[in-house]
Structures are given as C-alpha cells and as structure tokens.
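K.L.:
If you're matching them up, the sequences are chains A and B in order.
Mapping of the first sequence onto our numbering: position 30 corresponds to residue 30, and the numbering continues sequentially without gaps.
Mapping of the second sequence onto our numbering: position 81 corresponds to residue 1081, and the numbering continues sequentially without gaps.
These are calculated hints, taken from the structure and not from any lab test.
If you're wondering where the values come from, they're calculated on a predicted model, not measured in any experiment.
By construction, the Cβ of each residue, glycine as well, lies at the ideal position given by its N, Cα and C atoms.
One or more of the hints may lead you astray.
Below, in silico cross-link-like pairs of lysine-lysine (DSS-like), each with a Cα-Cα straight-line distance of 30 Å or less [claimed, not checked]:
#: 1; chain 1: A; residue 1: Lys62; chain 2: B; residue 2: Lys1025
#: 2; chain 1: B; residue 1: Lys1051; chain 2: A; residue 2: Lys62
#: 3; chain 1: A; residue 1: Lys30; chain 2: B; residue 2: Lys1051
#: 4; chain 1: A; residue 1: Lys30; chain 2: B; residue 2: Lys1025
Each pair of labels, with its calculated beta carbon distance range [claimed, not checked]:
#: 5; chain 1: B; residue 1: Pro1080; chain 2: A; residue 2: Asp23; range: 33 to 43 Å
#: 6; chain 1: B; residue 1: Val1329; chain 2: A; residue 2: Asp23; range: 57 to 67 Å
#: 7; chain 1: B; residue 1: Ser1068; chain 2: A; residue 2: Asn51; range: 36 to 46 Å
#: 8; chain 1: B; residue 1: Ile1098; chain 2: A; residue 2: Asp23; range: 33 to 43 Å
#: 9; chain 1: B; residue 1: Gly1046; chain 2: A; residue 2: Leu6; range: 39 to 49 Å
#: 10; chain 1: B; residue 1: Arg1088; chain 2: A; residue 2: Asn51; range: 33 to 43 Å
#: 11; chain 1: B; residue 1: Leu1339; chain 2: A; residue 2: Tyr17; range: 38 to 48 Å
#: 12; chain 1: A; residue 1: Leu6; chain 2: B; residue 2: Arg1009; range: 32 to 42 Å
#: 13; chain 1: B; residue 1: Gly1290; chain 2: A; residue 2: Tyr17; range: 14 to 24 Å
#: 14; chain 1: B; residue 1: Ser1068; chain 2: A; residue 2: Ala2; range: 39 to 49 Å
#: 15; chain 1: B; residue 1: Gly1044; chain 2: A; residue 2: Thr67; range: 15 to 25 Å
#: 16; chain 1: A; residue 1: Thr67; chain 2: B; residue 2: Ala1059; range: 30 to 40 Å
#: 17; chain 1: B; residue 1: Ser1068; chain 2: A; residue 2: Thr67; range: 26 to 36 Å
Residue strings, one per chain:
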Amino acid sequence: MAWKDLKNRFKRQFSDYLELPGDIMLDLPKIVLVGNLQVFIENHRGIQEYNPQLVRVVVNDKIVEVTGESLTLRNILPDEICVEGQINSLSFYN
Amino acid sequence: MLLFRILSRLGGYVTITLPEGCLEKFVNLAVSRGVFLWDITGIGTGRVAMKVRLSGVQALRHVARMTSCRFKIVERQGLPFFVSRMKRRRAMTAGALIFVAALYVLSSFVWFIEVTGNKLVTDQAVEQVARQAGLKLGVPRWTLDVTTLEETILDQVPGLSWVGVYVEGTRVYIKVVEKKLPPPDETGHPVDVVAIKDGLVKQILVLSGHPEVKEGDTVTSGQVLISAAIPPPVTDEEKETPDGNREDALEPEVQQPLRYVHARGIVRARVWYEGVADMRLVENGAEITGHETTRFGIKFGSKEIILIGPRKIPFEHYAVHVEGKRAPVWRNIDVPVELLTVRYYEENPYTKSYTRDEARRLAGRKALDSIRGQLPEGAKIVDERLEEVETLDSGTVRVRAVVETLEDIGIDQPHQSLDS
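So here's chain B without its partners, still in its complex pose (with noise of 0.2 Å):
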C-alpha cells in the first residue's frame, strides 16, 4: 500500500467530488473500466469526494458523460503538479536551488584548523607551516594533499615525530606527537652514566667521564658508574710525594679544579632476574568453541531494548562482550541512546590434570616467560636456572626461575652536584 501511495505521488492525483445519488452509478461503472478509485468518503451536503489518478481522469470523462454526472476537480496533489506550481514560483524555486548549491559549494572548503597533540611547539608554529603547504581557512577541500601535508609540516616543524592531518567535513584536525628529547645538555649541565639495575660489572668502556667502578665490582641501582667530574691529572711528581705533606698534594688540585663533560660510556654488567610461577595439577579452564550469536539492541537510558537476536542464549557457559555505539556528543547534547551490539561466544568449561613432572615444566615456562617479558633489548641470557619451591598447598608446583643476562645497565642523568 505504501509503494501504492508513492506511485499516486509521483504520478500525480486528483480528489473528485460528485453527487451522492449517482455515486453507485459511476463507480461501478469505473472500476469495471480498470480506472482505480480510492478514499471515498461523504463530505456531507450531498456530495461524495474520491480520488484517482491523473491517468484515469479521461477515462472518468468517459464514464460521467454515460452516467450524466457532472464531477468537480476539488484538489490536485502529486508530483506534476508540483512541478507546475515550482513554474509559477520562479523566484522561490531559484532560492531553493541557490540554498543547496550554496550549501554543497561552502561544505567544500575548509573552515577550520585544529592542532591538538602539541605541549611545547605553538598552534602558530603548526599553522604556519601548513599555510605554506597550502592548509589555510577558505582553501577548497580537493586542493588538499593530506601527505604531503603531513610530511612538509613534520620536515619544516622541528620537534615532531608524527603528524596525521584529517579532513572531517570543514574541519581539518592537525594532530601531532612530539619528539620526547633527553634533557638538553647545552645548558652546560654535566650529565653522569648511572646504574638503572644492580647487578655485577662485567666490562667497562668509557668514551668520556671519570669511571666511579670497576670490572668485577658490584653495582646498586642508581649508583653512578661513570662520572661527568673529571679530576685533574695526576702528575708525577704528586706521585713521588710521600704521604707525609699531603697538604702540599691537596693544594694544585685546588688550583686546578674540577672539569665537566657530558659522560658517555658501556657498562655490561651480569643482572640477575627472578620469577616464579605456580602450576595447579588439576588446571579448570574455558576455551572457546567457535560458535557464537549476536544481539542487537537499543539501550535507552538503563532500559534496554532486544532488536535483532535471540531472547535466550543458547549456550550454557558463554564469554560476552559488549559494543557499544554512541551518537557523537554535539554542543552538551548528549543523546541517552545507545546502539549495543553483543556478542557471546560459546565457551567449553574444561578440566585437565598433570602429572607433577609436567607441572613443573610448564611452570618453568611459565616463569621463564614471565622474567623475558621484563628483558630490555640487546639483553644476552648467559644463565637460566630452575628449582622448585616448596608449596604449602599440595595441589600446586611453584618453580622459581634465575635468569642471569648480560646487558647494559647505564643511562644518562644529570649530574648530581658535588659527590665529596
């Protein structure tokens, strides 16, 4: 019935009105001429009002002219007649065309620019460039090159690891990461090698500083390995001195003082790590079996509303998991409707059982693993080791790994002044 009513608009109808007495008349007689009639309705005073289409008009002329009834056009409506009522409204038909050109032309450039992401460079600083590039306000959207964009403003704005450009509509987002640089040392101020973990120094290779250890000594975690204060030079003669006038020895050193530099150096050093990990013999676990359904539903508010899905799940033990979508939040309108899309997925509960010989080895992994993920790069495992730990719970194998690595264990930080 719906795709009836847009065919009558489209091809336009009219409302009739004839007298009641010689409706029965006409109407028969039409609708056995295939001319379709709908909506017949009194309108009081002794007429009736019908509708049909603008095809079967003439065929109506054929039909009143054999009953002698005379039918009076009250309304036309439908598409054609809307044409020719836009005829006769020139201006206003140009206004609408004008209204949607004006607003399809305008979406088409760019209205505004958004730099988000940026602490330390400027907005400025951004805009700037990408004007250069060709991103200014009122620039159309087409002339837009989103690469090259992205590359000319990261080349041109120092301090920038990354720049995405996004076109959304008549916004243009500029979004940038910052480069995380270390503590600048053109301030002058001296930066030490310390230690980050403790361990024993295996090897020690200084480019610059004054070594604060040596190989085969043992480190704690923030002791300084390789210093930014350089002493002054021994010179012989200081050697030759005996203990005796030390005061004399002090007294160059005061003249020649201390000297600064930014140190730099290799400290490998054994590090160990530790790990432990427990085991159940009788492990209860889920794994998913492959099937799943999907719920599709309207939240409104707390309420919510199953659109799409089944109203019971078919599964005994399932895992869930929720999506959820929001309309963008638009000027502190925030829409309390909420499309969710669920999704569950069968589950099948399952208990295994080892042996402890077993146990233990998958525990060893287990703890292995666990101390691996802690590894920092270029680390070179030179020693692992595992011993099983007593439990009081019988039903548990605890395995406590010892991973012995050589690795680098220096980083810069500042000098900290004056270690007398």
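With the rest of the complex left out, here is chain A (with noise of 0.2 Å):
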C-alpha cells in the first residue's frame, strides 16, 4: 500500500504542477451538483444501492452517498449517472 500512496501523491504532485484537472490524471469522480435538484456524477464505477431516499455511487476508491427525497435515476451512462429530486446530502464514504 505504501508503494500506491507514494504513486498517487507523486500523481497529484505532478497533475498540480502541470495544471491538469484531476479528474483525468488521477481518475477521479467530477460531481456537478446542480441546485438541489440534480446531481451529475461522472467517472463512476457503477452504482451499490438505490432506492427513492438514497443512492449510492461506487466511484474510484470511494462511495459517493446522496440521499434526499424521491430521487430518480434520470440517466445511466458507463461514464455518468443523473440523480434527480429533493436531494438533502451528499458524501463520502471509503
């Protein structure tokens, strides 16, 4: 584990000094909320758990957890997911 830290710090390092976004050098999700009413979240890995008051998004290494009030799943695409609805919370979960 200690050889992938040092890889992906010196991943990040080098992305910062370039400039480059990080969501394509170091393959992380870009989450677009719009209001409360939309979330985009791309670069995802599939999602873990749906239902109308949570959704849960697998994304790089992490899980993207929203949760609010009848939330649909407008759109699913290999590469972005739309939740629509009252959306309350957004967060991160390893």
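If you follow the hints, you should be able to join the two separate chains into one complex; please do so.
P.N.:
Structure representation (structure tokens):
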C-alpha cells in the first residue's frame, strides 16, 4: 500500500504542477450539483444501492452517497449518472 | 436531451419494473453491456421502474437471466407500438385518413367569391361574367386561370378599367376599379368649355359651340370660353337694319331659338405661376451614413419586449423606422400582440453655409421646382423670371419665381342655363 500511496502523491504533485485537471490524471469523479435538484456524477463505477431516499454510487476507491426525497436516476451512461430529486446531502465513504 | 427523447419515441421504448433488491446488479450489468437506461424511479411496494429502448430489451433478457431477476414490461410507448395499436383499430385510422383527405380535397375548391371596389357595376354583373369564364362556387382551384379571368371580366363587363383576381385559400377576391366617365352628354345636357385658370387668351380654336372670348382677352377661372348656346345666325337683313327699329330685329331671334351643342375646342392661354422659396445661408441637416441596426421585438399591449437586437442604440444620431406586423383580424378577435421590426439608421448631422449668390441660386431652383410640380402636362414654358425678395431675417434669402406658360385652359362643364 505504501507504494501506491507514494505513486498517488507523485501523481497529485505532478498534476498540480502542470495544472492538469484531477479527474483525468487521478481518475477522480467529477460531481456537479445543480442546486438541490440534480447531481451529475462523472467517471463512476456503477451504483451500489438505490431507493427513493438514498443512492450510493461507487467512484474510484470511494462511495458517494446521495440522500434526499423521491430520488430518481434520470439516466445512466457508462461514465455518467444523473440523479434527480430533492437532494438533502451528499457525502463520501471509504 | 430533446433529440434523444425524439429518437426514443421514434424507435419505441418500454417501461419495465423489477424488484428493488436486484436493481444494483441488474443496472450495473446492463450499463456495462451498453444498454441505456433512464428514469429509474421507485414506485413503492419494493419495485423499481425504469425505461429502456426497444432495441435494448433483448439484451436485458440476457442480463435478467444472468442476475436471476425477473422484469415485467408495464408500458409500451413510441411509434412502433402506436402503429400496431392503429393496426388494430382500422376504422379509426381510416377515419383519420379520410378526414385529412377530405380537408385537403375540400380546400382545393372555391367556396367564396367576393367582389370589391364596385359602386355602379353590380356584383351580379361581375359574377355573371366570371361564371361564364369558369369561376363559380365549387369549381376546383387548379382550373382557374387568373389572367384570362381578369381579361374576360375586363372585356365583358362595361365600365371597368381594371380587374384583379386573387385566390386566397378557398376564397376568391375580384377587385375591380370602375372607369371614371365624364358626365354623359347623351342626356342632352349641353356642355360649355370654361377656363380652369386665369390667363391671357393667345389662341382659340372652336370645333363646336360659340366663342365667348377672343384672342387677347384676359379670362378668369370659371369664365365660359366656348358656350354651348349657339345664337341663330345673323342674316343680312338684320345687319342692314338701323339701330332705330331694334324691336323688329328682335322678333326673328325669338322665332329662331338658341341651339345647344356639346362645346368643343382648344383655348390656349398664357398663364402665370408664382412660387417663393427660402434658402438659409447656414443650413443644418442630417444625412444617412449607411450604418444601420435592426431590432426585433414583440409588442404586447403597451409593453415592448426586445427579442433580437441591441438594447442600446449604438448611434448618437439616428432615424427610426418602425414596421409592425399583426395577426390578421378574424371574427372580431383582435390579437393584442404585434411583431415589431425597428430599424435605426445612423445619421450624420452637418452644417453647410452658402454665400449669398449660391443661396440665391439654390432658392431660385427650389422655387422653379415647386412651380414645375404644379404645371399640367403639355404646358409649354415661355418665360422664367427670378427676383430676390427682401426679408426681415438677414440669414435667409427669399426668391420669387414667375413662370409664364402657354397651355390649354379649357375644361368641360355642364352648361349653366341661360347666360342672359
């Protein structure tokens, strides 16, 4: 694991230095929130759980959890998920 | 996204439901296989609904088998399903088609004919001729030949000087313009030739009637030049009779009454026109530079909304030209919306100063131009004179122009009975 951390740190420093966007260099998700109505999650690895109150999406090495009311998955593409509804919170888990 | 929705509608899509428990596996597998899913919503009772294109359903069956989830198709939408539904309801489809066809067919006939612009000629007279020329109610539109119709109506309806036939939808408008005929003299009413202007008679040529003026006379507007009343010829005897026995001379005149004719003739006279024009020594004006900007907007009642175009006019000086488009008024329904096209033309204000000579010349030209506008056709200009008039304002040059012409001043007028 230490080797991987080192590699990640190097990558981050490298991308910081060259001002490259992190979602490309580090394979991080790009999350766009539109008010509390929509969340676009790019660069995902599939959904883990879905019900109208809770959506869990797997990203890189973490899980994004969206909670709210009457959530729907407006569309799912191989690299993008759009969640619609009344969003209350968005949090990351390991 | 709109394009996507239209494409889905065309290709057809279905709404499927499956139990909430196996949704994650199912969706992830489907997405990894390139099946596009959208509108995934919980519908309660532990089931989830989602939409998928018709082309993806076969792949989903495979996914379902692999994940051992059973899905149910609950709704089918889009063109392919619509077509198959319509196939089952043949009568309705036929009805819809017949309706459209009937609408199309019926709209290709003439159902209304309107004659406008006529005052003396009756509608019936025009319609009668039009009917013979092939324009009647219920005639197919494609058989109408507008130009021949116009020509025929113009030929066969007396008293028309112009005819226009316009086909607008199922309505045909026949616009006519009537001839403006001089008062008919078949009624026996005699006609005089009178002067329309003041002038000095230069030539008089009488074709019929009795000359009331002779060459060299000054006439005023309205004066009779050639009278319709011809006195009986003066016999030799009367000439010889001395003034003493006038009573005898009058007798034959009573016996031989005046003869009335339609007076005709040419009376050429010298006519003077006068025009005055001012010219300022310093002239302020504006000329259009050629730059322009256009603004489109909607006028709703008294409110104006700019759709396209600059909010602020980029010119310092400009002229405005407004063009409004309204929906046609239909059955007293007046739509309060107006489409406005406002054009702004940039102007360049200038100040020009003239010398007194230049100003005099320009004023003279202006004065002459103003006179030329009044001259009737066929008037021959004999003399032109210009003279400067003193004004109180020293910055202005005023020039008076006098133009002398030779022209026909006679015009027909009904004979005023007995010019005794």
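K.L.:
For every hint, state whether the structure bears it out.
P.N.:
Evaluated hints:
Only pairs whose Cα atoms come within 30 Å are accepted, and A:Lys62 paired with B:Lys1025 is accepted, the gap being roughly 18 Å. Taken as a hint, the B:Lys1051 and A:Lys62 pair is honoured in the structure, with Cα atoms around 28 Å apart against an allowance of 30 Å. Of the pairs offered as hints, the one joining A:Lys30 and B:Lys1051 holds, with about 25 Å between alpha carbons and a cut-off of 30 Å not exceeded. For the hint linking A:Lys30 to B:Lys1025, the alpha-carbon distance of about 23 Å falls within 30 Å, and the restraint holds.
The given range of 33 to 43 Å is respected by B:Pro1080 and A:Asp23, whose C-beta atoms sit roughly 39 Å from each other. For the hinted restraint 57 to 67 Å between B:Val1329 and A:Asp23, the CB-CB distance of approximately 59 Å keeps it satisfied. A hinted range of 36 to 46 Å is violated for the C-beta pair B:Ser1068 and A:Asn51, which are about 20 Å apart. Our hint of 33 to 43 Å for B:Ile1098 and A:Asp23 is violated, since their Cβ atoms are close to 59 Å apart.
At roughly 47 Å, the beta carbons of B:Gly1046 and A:Leu6 sit within the given window of 39 to 49 Å. In this structure, B:Arg1088 and A:Asn51 meet the distance hint of 33 to 43 Å, their C-beta atoms being roughly 38 Å apart. The beta-carbon spacing between B:Leu1339 and A:Tyr17, approximately 57 Å, falls outside the hinted interval of 38 to 48 Å. Range check, A:Leu6 to B:Arg1009: about 53 Å between beta-carbon atoms, so the 32 to 42 Å window is missed.
Between B:Gly1290 and A:Tyr17 the beta carbon distance is about 55 Å. The supplied range of 14 to 24 Å is therefore violated. At about 41 Å, the beta-carbon gap between B:Ser1068 and A:Ala2 stays in the expected band of 39 to 49 Å. Distance hint check for B:Gly1044 and A:Thr67: the Cβ-Cβ separation is about 18 Å, which falls inside the suggested range of 15 to 25 Å. Taking 30 to 40 Å as the suggested C-beta distance range, the pair A:Thr67 and B:Ala1059 conforms, at roughly 32 Å.
At roughly 29 Å, the beta carbons of B:Ser1068 and A:Thr67 sit within the given window of 26 to 36 Å.
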